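J.: One-letter residues, chain by chain:
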Amino acid sequence: MTMATGLVDAPLEAKAKRFGFLRQVWIHRSDYLNVLPALVVMLIVIAYPIYYTVELSFFTTPPSLQLRDKEFVGIDNYVLILRSDVFWRVTVNTFIWTLASTVFAFILGMGSALALNQEFIGRGVLRAILIIPWVISAVAASYIWKWIYHSDFGLIGAVLVGLGLAARPPNLIDSVGTVLPSLIVVNVWREFPFAMIMLTAGLQTVPDQLLRAAKVDGASAWQRFWHVTFPHLQGVSTVTILLLAVSNFNSFIIPWIMTGGGPSNASHIWITHIYELAFGRQRWGIASAYSVLLFLILMTLGYFYVRALTRGEKKEGGA
Amino acid sequence: MSTFDFGRAIRGGVSAAVLTSLLMSSPVLAAPPVDLSKWSPEYVRSIAGTKDFDTAADCNKVTPLDYKGRLTFWYQGVFEGDPDLLRQYYKDFFAAFRKTYPNIDLQDQALTYNDLLDKFRTALLGNAGPMMVRLQILGGVEFASKGYLQELKPEDVGYATEDFWPGAMKSNMWKGKIYGIPTNNETMAFIWNADIFKRAGLDPDRPPATWDDVVRYSKQIHDKLGIAGYGLVARKNAGNTPYRFLPQLWGYGGGVFDETAQSPTYAQVQINTSASKRALQASYDMYVRDKSVPVSALTNQQADNQPLFLAGQLGMMISHPSDYDVMLDLKKKASGSDVQKAQTVIDNMRYGLIPTGPDGKRAVVFGGSNMHILKPEYVDGGKVDLPAAKALACFWTSPEWSLKMAYAGSNPGNLNGFKTKWMKERLDNIKFLDVTTSMLPYGVPFPTIPETPEIMNIVVPDMLQNALTGAMTVDQAADDAAKKIKSIMDGGKL
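So the protein sequences, as listed, match chains A and B. The numbering of the first sequence is the numbering used here, which starts it at 95 and goes up by one. The numbering of the second sequence is the numbering used here, which starts it at 45 and goes up by one.
Each statement offered as a hint is correct.
In the DSS-like style, the derived pairs of lysine-lysine whose C-alpha atoms are separated by at most 27 Å in a straight line are:
hint: 1; chain 1: A; residue 1: LYS164; chain 2: B; residue 2: LYS219
hint: 2; chain 1: A; residue 1: LYS164; chain 2: B; residue 2: LYS163
hint: 3; chain 1: A; residue 1: LYS164; chain 2: B; residue 2: LYS527
hint: 4; chain 1: A; residue 1: LYS240; chain 2: B; residue 2: LYS375
From chain A, some residues computed to sit far from chain B (all C-beta separations above 10 Å):
hint: 5; residue: GLY114
hint: 6; residue: MET136
hint: 7; residue: GLY205
hint: 8; residue: GLU213
hint: 9; residue: LEU259
hint: 10; residue: THR299
hint: 11; residue: VAL330
hint: 12; residue: THR332
Just so you know, the hints here were simulated from the structure itself, not pulled from any lab data. On a predicted model such as this, the values are computed, not experimentally measured, just so you know. Each residue gets a CB set at the ideal place from its N, CA and C atoms; glycine is no exception.
Make a model of the complete structure from these sequences and hints.
T.: See the structure below:
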């Protein structure tokens, strides 16, 4: 029967529509019961905080007041944010951070996946090694990289000075010009294995006979990749890029631990700025307004993610 | 050893007298157990070991030793920059308390200086705070002003208000009421490496007398030896930054407000006066112009300076007497030839008074921590076990334990601690203790207003970073900070 599984065939679905919304709910009652526990948990831990954040974004919370004594200010917080110089600076940082991290992690992941898709001795070991950055704790990685980058006694500086390539260690994370790119390198290092794993899975779906046929027809390696492999990876690539983008937009640990958003706000991205506003400066209202804006952006990305995920299902359904 | 005459330095200088009277100017001051007007290393030595105290008997009068109860307690505990000696005293303290009050179920949680405020604020928003908290000195007023704390004065736990430094009591006062009891109070000192001084052509036994000298010495050390001269710290959201910049700011005659005045009003922002800008300019000169301080100063805490100093890569820094013990601890982790190098640095470690400004003004942050009891409605479970909380407050702020818990890095909040036998022992065991006790009369408390944590932990480091990275000029950075502080004081939103 279709009712218990939720797989309703077309004639039944048309019939069900005639009975209206309640009838459909009744038909799918077991499905609703199955998802009810998860739904309740989501309402408690996700829906309520979202509602409260939206509500709080319309109040001002000066540091001299308790949160319960907050004052209603309408959309003032949003106006303040959009008029603030820091907002635009942090927004530019966030987009550079997200875009660069996503693009480079994807390219590096794609390269690694293609390389590891070839058969050679030690492939398994190499694959395991490349996954290490992704599996180790982001906190531990941040501290390690902080030491590697350290402007006075960091590993990079010591190597460069030791080899005579620099007179003094390079200033990577204490300079407004180099701090963000330096953090992006760390982020890419940590994230590219995720892209590699996703794309390696995608590569398994590329038909071998197509690649062989293209080779017989004289296609170069690039042509085979571009015209055969890549089209088969489009779905997984879209999902990977969207997941990386969402994760990077939300990324907190690396910039917070390594620089705390400094120096001079040069590595503040939205999420670290929101944290500082809320917990360092107790501007809960402003921080909530920032969070609402961030939520809207992430929901937009989430929409495209779901669309990318369900595109294949719709095609199958329509065939 | 340094030949610096600390006693003479203490007695000299009009500014010192002003600051001393500031610390003694509290209306609650009556007859302290020690004579603050005679404060000098010799005086501290003369009173050490002159009185015995029985902590258990004293606290029994506050909360009977067989009292049965439960207490949740968060405190600013030891962290990576503290010596092992202090870790041991913390363990001993909790063991002793549990032994003395075997029926009190104490659930204690240690947090670092930088995490405590964030976590405590968050918990309070959800009415999930602990029953009792030990906060850094700049935090108490913020929470008292918002109504989170119960009134709590030394008399509530068997001591007198006069038993504590007036400046420390001031940090617990909001609108004339007292909301906490000091556990420890400290003033830092100036530390230098005599060997580095010698090799750089400086007098190894004379620390820089003024902040201008610090700039000059730092450059000379860097130019001659290629290492960092002064251990500048400018990290954001780290207590280390204001503790090191404010002595400089005050020395030059500046201030965030008028906090160095005898009766500060905090009415006018002074961080962009010409005197304040000179202090910022000094940091700029060291970091940008001379490049004579660690480049990593913008992301560093003092804990990052300690290994640099031990490695002989840093000539001068501001810190506690405990740094000597930290160096001994760090040396234990060294291996091979590094052990001898570390020992050389330790042998050449010298302590002196914090330098003065161009007008002879010497000042240092009057630091420390206070214990507070929360109101039940903000506590996880909605109840506060007051007798249990008072028992812990009595125990920690007793002459015995306020001394022991401050053994290596600070000084007892309870002035009677200076009279105990452990103070005498400490004077013999802790090197350079004289210097930091000598600095106490120069201590200036942070402004006692709710906005202080935000100003000190965010605005001041931001100002430093804006100037030192070249994101703004010195003038712009100071003016920007003044604008932000005004906005904060006006209840500003961003």
